[in-house]
Every structure is written in C-alpha cells, then in structure tokens.
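Chemist: Chains as they are written, first to last, in the numbering used here: chain A, 2 to 120; chain B, 2 to 120.
Honestly, I wouldn't trust all of these hints.
[Stated by the list, open to error] Each computed SDA-like pair below joins lysine to any residue, with the alpha-carbon atoms no more than 25 Å apart:
(1) K45(B) / I103(A)
(2) K94(B) / P112(B)
(3) K94(B) / D60(A)
(4) K94(A) / E107(B)
(5) K45(B) / F10(A)
(6) K94(A) / L7(B)
(7) K94(A) / K45(A)
(8) K20(B) / F10(A)
Bear in mind the hints are in silico, worked out from the structure with no lab data behind them.
2 protein chains.
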Amino acid sequence: MTRLFLRLFLDGLMLGPGKIELLEHIRDLGSIAAAGRAMGMSYKRAWSLVEEMNAGLADPVVTSARGGAGGGGAQVTETGEAIIRHYHGLMQKAYGAGAEDIAALEALLAPQDDMVGGK
Amino acid sequence: MTRLFLRLFLDGLMLGPGKIELLEHIRDLGSIAAAGRAMGMSYKRAWSLVEEMNAGLADPVVTSARGGAGGGGAQVTETGEAIIRHYHGLMQKAYGAGAEDIAALEALLAPQDDMVGGK
Numbered sequence: 002m003t004r005l006f007l008r009l010f011l012d013g014l015m016l017g018p019g020k021i022e023l024l025e026h027i028r029d030l031g032s033i034a035a036a037g038r039a040m041g042m043s044y045k046r047a048w049s050l051v052e053e054m055n056a057g058l059a060d061p062v063v064t065s066a067r068g069g070a071g072g073g074g075a076q077v078t079e080t081g082e083a084i085i086r087h088y089h090g091l092m093q094k095a096y097g098a099g100a101e102d103i104a105a106l107e108a109l110l111a112p113q114d115d116m117v118g119g120k
Numbered sequence: 002m003t004r005l006f007l008r009l010f011l012d013g014l015m016l017g018p019g020k021i022e023l024l025e026h027i028r029d030l031g032s033i034a035a036a037g038r039a040m041g042m043s044y045k046r047a048w049s050l051v052e053e054m055n056a057g058l059a060d061p062v063v064t065s066a067r068g069g070a071g072g073g074g075a076q077v078t079e080t081g082e083a084i085i086r087h088y089h090g091l092m093q094k095a096y097g098a099g100a101e102d103i104a105a106l107e108a109l110l111a112p113q114d115d116m117v118g119g120k
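Just chain A, with the same shape it has in the complex:
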C-alpha cells in the first residue's frame, strides 16, 4: 500500500506530517509536554515546533496556560484546527486525484518475494 509524504513550503512556514501530528496530540491530550512524549519528542522540541507555527501564522495554533492547578494546559485554537483540517484535506485530495498515477507507478514495481511464496 503506497503512502504519501507531503510537506508544504508556505511563505515563511514549513508544514509537514510531524507538526500536524503534534497538533493532533496536543488537541487530544491538552498538553504540549504530553503530546511531545507521545511522539518521543522532548518538551523543548515540541515547544519549538509550536513556536515555529505560531511565528509563521497570523494567529497562534496553540494557547497555553503555564503553571496554576494541574500545571497549566494547552489548547489547539481555531487556526490550529484549520491547519490540521486543510493539511488532511490536501492529502486526501492528492490520493484521490492522483490515484491513477499512483496505480501506474505501483504497476511498475518489482514483484515482491514475500507475496509470491504464498506463506
């Protein structure tokens, strides 16, 4: 099964699967630290990716409250949700519109040994 890896070089911001997955984890876990851990990423690294997105966009993708009861938390903003949605939209459309080209490329592949043996 063919998978696509898609990265966008927007004016002043690079968006790829890593940042999108990070946003999704923040949305689900309510915490940048927990989202980073879920991806095997340091808190510092996760923060810097969020900061990178915030710097490139007119509005932040994540709002966070530091400290306080429970140690603060993080929420994905409407802009963050839009980023997630349009990235996935683009991916789905690439798979859909590109289905014939992908199938044509797959048809050129070498036969896979592990599918020939029948075991």
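Mind docking chain B on chain A? Use the hints.
Modeler: Only chain B this time, still in chain A's reference frame:
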C-alpha cells in the same frame, strides 16, 4: 508561492524529487556521471540512486553502456520515462485538487514584512 514536497513510499521503493530530477538529468545529458555533477552529487551516489530504482522496479529505469568510444553513456528507459511522467502527474494533481486547501492555509499566514513596505 507555496511549493509542495512529495515523496511516495511504494512497496519496496521510495520515490521523491531527488530521484526524479536525477532521471531527468540523465535523460537530458545521456550520462549518469554528468547528471550527478549537475546536481552536485558524486558518481557513486548517483549510481546508487539509479540502482535503488532498478532494484525496486520490474524493469530498469536506465540502461548504460560502460566504456567504449566516448566512455559509454546512459539512456532513460520507457519505465524511467513513465516514472518521471507519473510523478509529475501526481504533483500536478495534488496542486490542482488541493488548490482550495492550499489557499486556505496561505490565508492563515502571518503578513510578510517585505510585502508590506511596498519597496
């Protein structure tokens, strides 16, 4: 202007812009060494990328004659041409079908200073 970076993980073969560009240079220059040089790549590296494609596909992407008058040369096969064509086809379709999502992402970007000054 937004650019897309697209890589395909096919069964047993990874295809991205580097391999496609290399094939195009081989087609235009008739030589793997010259194609590598055009991309600032060693002969060894260029060869290994060609070998990787040949190994993953049912038919080779490049045929080469070593030695002989002129030191041999390389030709992109029909399979190689198909790889180039369908990769670009997929890219064009991703840009086309994804235009709305790309525009929506662009609309979220921070204003660029160098476009505000008017100079």
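Chemist: Just to be careful, I want the Cα atoms of K94(B) and D60(A) compared with a cutoff of 25 Å; is the pair within it?
Modeler: 30 Å, violated
Chemist: Between K20(B) and F10(A), does the CA-CA distance stay at or below 25 Å?
Modeler: Distance ~20 Å between K20(B) and F10(A) Cα, so the pair holds.
Chemist: Are K94(A) and E107(B) close enough, with their CA atoms no more than 25 Å apart?
Modeler: OK: K94(A) and E107(B) at ~17 Å, within 25 Å.
Chemist: Are K94(A) and L7(B) close enough, with their CA atoms no more than 25 Å apart?
Modeler: The given pair, whose Cα atoms are some 13 Å apart, holds under the 25 Å limit.
Chemist: Assess, step by step, whether the Cα of K45(B) is no farther than 25 Å from the Cα of F10(A), and give holds or violated.
Modeler: Measuring from Cα to Cα gives roughly 30 Å; hence the hint is violated.
Chemist: If you draw a straight line from the CA of K94(B) to the CA of P112(B), is it 25 Å or shorter?
Modeler: 28 Å, violated
Chemist: Taken at face value, is the distance from the CA of K45(A) to the CA of K94(A) at most 25 Å?
Modeler: 33 Å, violated
Chemist: Within 25 Å, alpha carbon to alpha carbon, are K45(B) and I103(A)?
Modeler: 29 Å, violated
Consistency note: the structure conflicts with the earlier hints numbered 1, 2, 3, 5 and 7.
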